[in-house]
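Just so you know, we're using full-length UniProt numbering here: the sequence shown kicks off at 1 and counts up by one.
Hints should not be assumed to be uniformly reliable.
Label pairs and their in silico Cβ distance ranges [as the list claims (entries may be wrong)]:
#, residue 1, residue 2, range
1, 101, 144, 24 to 30 Å
2, 176, 111, 16 to 22 Å
3, 175, 74, 29 to 35 Å
4, 137, 81, 16 to 22 Å
Please keep in mind that the hints were generated in silico from the structure rather than gathered at the bench.
Please read all numbers here as calculations on a predicted model, not as lab measurements.
Idealized CB from N, CA, C, for every residue including glycine.
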Amino acid sequence: MRPRMTVLAAVAAAGIVGVTGCGQPVDELAPGRPSGSTSPEPPPEVRREAATVRWADGYCRAVHELVRSMADMPTVDPSTPRRASRTSGELLDSLVDGLDRTTSALRALEPAPVPAGETVRADAVADYTDIRNRADQARRRLAAATDPAAASAALGEAGAPLEDVGKRGLLAGFADTPELARASQRAAACQWLVEQGPEPRLGPRRVEPAAAPAEPPPG
Numbered sequence: 001m002r003p004r005m006t007v008l009a010a011v012a013a014a015g016i017v018g019v020t021g022c023g024q025p026v027d028e029l030a031p032g033r034p035s036g037s038t039s040p041e042p043p044p045e046v047r048r049e050a051a052t053v054r055w056a057d058g059y060c061r062a063v064h065e066l067v068r069s070m071a072d073m074p075t076v077d078p079s080t081p082r083r084a085s086r087t088s089g090e091l092l093d094s095l096v097d098g099l100d101r102t103t104s105a106l107r108a109l110e111p112a113p114v115p116a117g118e119t120v121r122a123d124a125v126a127d128y129t130d131i132r133n134r135a136d137q138a139r140r141r142l143a144a145a146t147d148p149a150a151a152s153a154a155l156g157e158a159g160a161p162l163e164d165v166g167k168r169g170l171l172a173g174f175a176d177t178p179e180l181a182r183a184s185q186r187a188a189a190c191q192w193l194v195e196q197g198p199e200p201r202l203g204p205r206r207v208e209p210a211a212a213p214a215e216p217p218p219g
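Make a model of the complete structure from these sequences and hints.
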C-alpha cells in the first residue's frame, strides 16, 4: 500500500576484531592462510540489495521533509477575509518550504543502484517542483489581492497545491519495481512513512524516523 498525504494531512553494524598470539599477527599463526587475507565479500546481488535499501532510506528521508512541513502547517483562520488570506499565505509558505527541502534532498541523493530508482526520483522532483511553483503563484496572488473579490479568487486557488500533494503517493513508483518495493520494506525511513497510514493528516507528528538508515545483513 502506497501512503498518500491529504490536505487534512538501521542500523549500521561494524565489527573490529583484533586477534594476536604470542605477539604475532593471526595471519602468521594460521597455517595455510595467505598473509593479509580478508573475509570474502558478499555476492554482488547482496551488495546491490544493501545499496538499494540505503538509497530507498535516503529517498524516504527526503520525502519526510514534506511530511514534516505538512505536520507543522498553521491552521487557516476563516473568521475574517483578512485573517483567512494571511493564514492561507502562511500555510502556503510552509508548503513551499517543505517542497523545497524535499526536492533539494532528492536531487542530492547518490545515483540509484537500480535504473527504476532514477525514474522514480526524476518523476518525484518534477511533480513536487510543479506543485511548488503553483503554490508559490497562489501565495503571491494572495499577497497581491487588494479587494474582496480578488482575495476570494486567490483563496480558491490556494487549496489546489495541497490537494495535488495529497493525490501523489509518497512512495509513488516503488511498488512498480520489485527491488524498490523490497527495499522500502527494509528501510527505516520508508517504514516510518508507511506507519503514518495511507493518508497522513495535517497536525503534530509524534514520532520521527530512526536517525540512521537500516541496512540488511550481508548474506
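Against the structure, the hints come out as follows:
Take residue 101 and residue 144: their Cβ atoms lie about 26 Å apart, and the range 24 to 30 Å holds. Range check, residue 176 to residue 111: Cβ separation about 19 Å, and the 16 to 22 Å hint holds. Range check, residue 175 to residue 74: Cβ separation about 33 Å, and the 29 to 35 Å hint holds. Between residue 137 and residue 81 the beta carbon distance is about 20 Å. The supplied range of 16 to 22 Å therefore holds.
Every hint from the earlier list agrees with this structure, and none is contradicted.
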